[in-house]
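Spelled out, the chains give:
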Amino acid sequence: MAQAQEAQDVVLRLSGITKRFGALTANDAISFSLARGEVVALLGENGAGKTTLMNILFGHYTADAGTVEVFGQPLPPGLPGAALAAGVGMVHQHFTLSGNMTVLENILLGTAPLWRPGLGRAAARRRVEQLSRDFGLAVHPDARVATLSVGERQRVEILKALYRDARILILDEPTAVLTPQESDALFETLRKAVAQGLSVIFISHKLHEVMAASSRVLVLRHGRLVGEVPTAETDRHQLAALMVGAEITPPAPAEARPGATLLTLKNVSTPTRGNRTGLRGIDLELKAGQILGLAGVSGNGQGALADLLSGLETPSAGIMELAGTEVTTWTPRDALQARIGRIPEDRHKTGTIADFTLTENAVLERYAQPPVARRGWMDWSAARRAAEQIIESYDVRCPGPDTRIRLLSGGNMQKLILGRVLGAQPRIILANQPVRGLDIGAVTYVQERLIAARDAGAAVLLISEDLDEVLTLSDVVRVICEGRLSPEFPRGSKTPAELGQWMAGQGFSDAA
Amino acid sequence: MRLDPITTPSPARTVGLPALALGATVLVAMGLALIAGADPLATLGLIVKGAAGSKFALLETLNRATPLIFTGLAISVAFRAKLWNIGAEAQLYVGALVTVVIGTQLGLPGPLALPLMALGAVLAGALVLLGPVLLKTRLGVDEVVTTLLLNFIMALFISYLLEGPLKDPMGMGWPKSPALPRDARLPRIVEGLRLHWGFGLALISALGVWIMQTRTTLGYEIRATGLNPEAARFAGIPVGRVLVKTALISGGLAALAGFSEVAGLKGNLTADLSPGFGYTGIVVAMLALLHPLGVVVSALFVAGVFVGADSMSRAAGVPTYIADILLATALLFMVLAILLTKVRVVRG
Numbered sequence: 001m002a003q004a005q006e007a008q009d010v011v012l013r014l015s016g017i018t019k020r021f022g023a024l025t026a027n028d029a030i031s032f033s034l035a036r037g038e039v040v041a042l043l044g045e046n047g048a049g050k051t052t053l054m055n056i057l058f059g060h061y062t063a064d065a066g067t068v069e070v071f072g073q074p075l076p077p078g079l080p081g082a083a084l085a086a087g088v089g090m091v092h093q094h095f096t097l098s099g100n101m102t103v104l105e106n107i108l109l110g111t112a113p114l115w116r117p118g119l120g121r122a123a124a125r126r127r128v129e130q131l132s133r134d135f136g137l138a139v140h141p142d143a144r145v146a147t148l149s150v151g152e153r154q155r156v157e158i159l160k161a162l163y164r165d166a167r168i169l170i171l172d173e174p175t176a177v178l179t180p181q182e183s184d185a186l187f188e189t190l191r192k193a194v195a196q197g198l199s200v201i202f203i204s205h206k207l208h209e210v211m212a213a214s215s216r217v218l219v220l221r222h223g224r225l226v227g228e229v230p231t232a233e234t235d236r237h238q239l240a241a242l243m244v245g246a247e248i249t250p251p252a253p254a255e256a257r258p259g260a261t262l263l264t265l266k267n268v269s270t271p272t273r274g275n276r277t278g279l280r281g282i283d284l285e286l287k288a289g290q291i292l293g294l295a296g297v298s299g300n301g302q303g304a305l306a307d308l309l310s311g312l313e314t315p316s317a318g319i320m321e322l323a324g325t326e327v328t329t330w331t332p333r334d335a336l337q338a339r340i341g342r343i344p345e346d347r348h349k350t351g352t353i354a355d356f357t358l359t360e361n362a363v364l365e366r367y368a369q370p371p372v373a374r375r376g377w378m379d380w381s382a383a384r385r386a387a388e389q390i391i392e393s394y395d396v397r398c399p400g401p402d403t404r405i406r407l408l409s410g411g412n413m414q415k416l417i418l419g420r421v422l423g424a425q426p427r428i429i430l431a432n433q434p435v436r437g438l439d440i441g442a443v444t445y446v447q448e449r450l451i452a453a454r455d456a457g458a459a460v461l462l463i464s465e466d467l468d469e470v471l472t473l474s475d476v477v478r479v480i481c482e483g484r485l486s487p488e489f490p491r492g493s494k495t496p497a498e499l500g501q502w503m504a505g506q507g508f509s510d511a512a
Numbered sequence: 001m002r003l004d005p006i007t008t009p010s011p012a013r014t015v016g017l018p019a020l021a022l023g024a025t026v027l028v029a030m031g032l033a034l035i036a037g038a039d040p041l042a043t044l045g046l047i048v049k050g051a052a053g054s055k056f057a058l059l060e061t062l063n064r065a066t067p068l069i070f071t072g073l074a075i076s077v078a079f080r081a082k083l084w085n086i087g088a089e090a091q092l093y094v095g096a097l098v099t100v101v102i103g104t105q106l107g108l109p110g111p112l113a114l115p116l117m118a119l120g121a122v123l124a125g126a127l128v129l130l131g132p133v134l135l136k137t138r139l140g141v142d143e144v145v146t147t148l149l150l151n152f153i154m155a156l157f158i159s160y161l162l163e164g165p166l167k168d169p170m171g172m173g174w175p176k177s178p179a180l181p182r183d184a185r186l187p188r189i190v191e192g193l194r195l196h197w198g199f200g201l202a203l204i205s206a207l208g209v210w211i212m213q214t215r216t217t218l219g220y221e222i223r224a225t226g227l228n229p230e231a232a233r234f235a236g237i238p239v240g241r242v243l244v245k246t247a248l249i250s251g252g253l254a255a256l257a258g259f260s261e262v263a264g265l266k267g268n269l270t271a272d273l274s275p276g277f278g279y280t281g282i283v284v285a286m287l288a289l290l291h292p293l294g295v296v297v298s299a300l301f302v303a304g305v306f307v308g309a310d311s312m313s314r315a316a317g318v319p320t321y322i323a324d325i326l327l328a329t330a331l332l333f334m335v336l337a338i339l340l341t342k343v344r345v346v347r348g
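Going line by line, the protein sequences match chains A and B.
Residues 1 to 512 (the working numbering) are what the first sequence spells out, left to right.
Residues 1 to 348 (the working numbering) are what the second sequence spells out, left to right.
Because the hints were derived from the structure by calculation, they are not lab data.
Hints may be right or wrong, so weigh each one.
Calculated cross-link-like contacts (lysine-lysine; reagent style DSS-like; alpha-carbon spacing at most 27 Å) [to be verified]: (1) A:Lys206 <-> A:Lys494; (2) A:Lys349 <-> A:Lys192; (3) A:Lys266 <-> A:Lys494; (4) B:Lys167 <-> A:Lys349; (5) B:Lys55 <-> B:Lys245; (6) B:Lys82 <-> B:Lys342; (7) B:Lys55 <-> A:Lys349; (8) B:Lys342 <-> A:Lys349; (9) A:Lys192 <-> A:Lys206.
Kindly generate the complete structure, drawing on both the sequences and the hints.
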């Protein structure tokens with residue numbers, strides 16, 4: 001009888017979905033079903049096949065084998081329109097909104113014929129207002145999207161799907177850009193949606209969110225469905241073990257012994273460039289043997305601070321001192337000369353040159369110095385030795401130093417960058433999102449290396465949007481919001497919720 | 001339809017596809033001959049014979065290839081850095097102009113004049129490209145537009161000079177410059193054969209560019225800048241300065257084409273010195289996949305097609321335009337073949 005009941009309620013059924021990209025099997029015979037009024041979390045590391053599976057469901061990819069059924073009807077493959085029409089709505093990680101249009105216009109975009117100006121606008125507005133009340137998605141229909149915060153934009157994306165009568169909502173890493181408070185509001189919305197009979201698939205690799213928001217968890221690993229458990233019957237450790245296929249222990253750094261101040265920023269500002277927030281009069285001290293963790297919602301000035309330390313940006317006001325000496329000329333070369341090791345945020349675009357070999361990438365930051373080059377002539381055998389040494393000591397899995405780096409996985413690419421940076425024995429290390437997109441094994445590895453560098457006397461500035469990571473690694477935490485910095489909070493002195501309030505901008509006004 | 005990247009292309013692809021492209025080009029040529037009312041196979045034979053069938057034909061091809069090697073190198077150096085120098089034609093003419101001015105106006109003895117002419121040409125060509133590259137690095141002006149338009153400016157400037165200050169008083173009214181004195185001309189490589197040292201200089205330049213690109217820090221900087229300027233800048237490579245250096249080398253190489261044509265072949269400057277060598281250099285460089293030694297091979301191929309088609313046209317009566325069409329199809333097929341070694345087309 002339970003079987004029959006379940007069959008009644010199934011809104012979505014995936015059977016035997018297989019998708020290959022060349023030699024890589026991204027999805028291997030994946031089958032599962034989604035019931036009415038259910039939040040299913042799809043958990044897995046980066047590259048486990050979550051996004052591929054959702055892209056197949058939504059018609060962006062065609063599966064090599066397997067079928068998708070929505071409300072009992074098979075979905076024709078490869079047609080995003082068909083998925084939309086069948087009532088599947090997807091909220092992508094990167095929003096698909098037009099910044100120069102209003103919320104209402106964005107929601108209507110694609111639903112109404114172009115040449116019906118004004119007609120039906122009033123009715124549409126009433127419907128949008130109704131939906132935002134019903135689901136707790138507060139956003140003004142006439143606000144221009146460019147003026148909205150990231151959290152608000154996500155609400156617009158959800159409204160867009162609801163407006164099109166989506167009965168199944170797919171959210172791809174929805175909390176990656178939200179503060180803890182905003183995430184809680186999102187989960188509240190999801191609960192309301194489910195109460196009204198919608199079904200939700202929630203893609204994530206953050207365990208605590210999965211535990212908080214879902215009723216059932218599906219775990220993907222290397223393209224296979226390796227676990228399917230009701231959330232109530234599992235815990236974070238079990239899920240983590242399923243996800244990686246082994247037990248993992250997060251690094252637990254020993255007590256820091258901070259030394260001399262190596263870098264000082266006094267009332268430093270940098271210009272806002274495009275939609276990248278600049279710094280607004282910040283004071284910062286980086287001390288030897290200490291990890292300073294910078295928490296904050298993305299786009300609040302982290303990029304400007306990272307560029308400043310990298311040598312790409314100079315202060316437009318204020319003073320920057322290296323070991324007590326004021327900095328006058330400041331380029332990436334000067335930063336390297338000052339022994340600042342830089343792990344950039346985007347390893348594909350900034351950290352490496354995709355079509356260069358491992359050897360060429362390994363010497364990128366010292367290609368003009370001995371032993372790699374003398375008087376303008378490259379010594380390729382010396383460069384190769386440098387690459388081989390990094391490959392060896394940092395466990396970079398690759399066919400060899402002559403492989404183009406684009407063929408490496410993100411984790412191995414990051415290990416090469418880590419080797420390049422730490423091999424130069426930096427006094428200051430800028431680690432900007434050092435583990436984003438890496439699998440858990442690589443995450444632990446990178447984090448342990450950073451702690452080891454700290455113990456060897458380096459000053460580390462860790463920038464991360466993942467609060468858990470900041471709290472695990474940092475000896476001192478500061479929060480960045482709209483280009484301003486919070487005071488220093490020693491390890492363990494603030495709860496995630498308290499830091500979340502700082503991330504949302506509370507506390508700054510009294511300080512200012 | 002979708003394109004899936006191929007990580008390690010099979011030898012069948014890397015060798016087979018370019019060969020297929022060449023075969024397809026030949027087929028198109030035969031089809032064109034058929035339309036023109038000639039025997040396709042015979043036409044093809046005549047082109048090959050006209051390009052390399054005799055000592056005279058071969059030397060003609062080598063002579064024609066010489067300026068193409070220079071402009072091809074100029075383009076390949078610039079394109080490596082993603083500096084889109086479309087102005088090799090202007091740089092060629094300015095090189096020819098300086099060559100003639102130094103050679104005819106200063107009255108220096110030959111052994112002194114020749115190196116000075118070459119050096120002057122290189123500097124002038126470099127200078128012509130310096131403007132556009134500074135506009136690009138300082139103000140973000142698109143160098144495709146500036147370098148392309150400079151071609152027309154330079155062509156009109158040369159016309160003016162040839163009608164005015166540089167006009168040969170003994171030229172019977174023709175718009176041409178005075179001729180270089182005998183001893184200010186590039187000697188023949190082998191006495192009695194119509195092949196001058198410009199060709200030797202071109203080969204040496206190709207070798208030099210290859211060594212520069214693979215063995216020097218400048219070559220590394222140029223490649224890094226071309227492949228990923230953002231990562232290059234982050235790693236401390238002075239991207240703007242690298243682009244300026246690239247431009248100086250590229251402009252100088254293109255100007256050597258003008259020097260070599262005037263000092264090696266023509267002896268004076270006319271407004272029709274170059275039948276588009278600067279533009280054809282783009283084809284040469286692309287066919288060579290920007291490889292400096294490959295430029296030599298592809299310049300020989302392109303020159304052979306032109307010379308062979310000229311001679312075939314006289315014998316078979318098929319218009320010489322066939323050479324232009326042949327090169328265009330060869331380039332298109334080659335670009336497609338190269339693409340297909342990197343990606344495969346998949347349905348869905």
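message: Lys167 (chain B) and Lys349 (chain A) were given as a pair; does the straight-line alpha-carbon distance stay at or below 27 Å?
response: 55 Å, violated
- request: Below or equal to 27 Å on CA atoms is what counts here, so check Lys55 (chain B) against Lys349 (chain A).
  value: 53 Å, violated
query: Taking 27 Å as the top limit, are the C-alpha atoms of Lys82 (chain B) and Lys342 (chain B) close enough?
result: 20 Å, holds
field: Pair hint Lys55 (chain B) and Lys245 (chain B), alpha-carbon separation not exceeding 27 Å
entry: 40 Å, violated
message: Hinted pair, alpha-carbon criterion (27 Å max): Lys192 (chain A), Lys206 (chain A). Please report holds or violated.
response: With Cα atoms ~22 Å apart, Lys192 (chain A) and Lys206 (chain A) stay inside 27 Å; holds.
field: Proposed proximity, Lys192 (chain A) with Lys349 (chain A) (alpha carbon, max 27 Å)
entry: 40 Å, violated
Lys266 (chain A) paired with Lys494 (chain A) [C-alpha distance capped at 27 Å]: Measuring from Cα to Cα gives roughly 25 Å; hence the hint holds.
- request: For the pair supplied as a hint, Lys206 (chain A) and Lys494 (chain A), confirm whether the alpha-carbon distance does not exceed 27 Å.
  value: With Cα atoms ~21 Å apart, Lys206 (chain A) and Lys494 (chain A) stay inside 27 Å; holds.
- request: Mind checking the alpha carbons of Lys342 (chain B) and Lys349 (chain A) for me, to see if they're no more than 27 Å apart?
  value: With Cα atoms ~20 Å apart, Lys342 (chain B) and Lys349 (chain A) stay inside 27 Å; holds.
Hint compliance for this structure: hints 2, 4, 5 and 7 are broken, all remaining hints hold.
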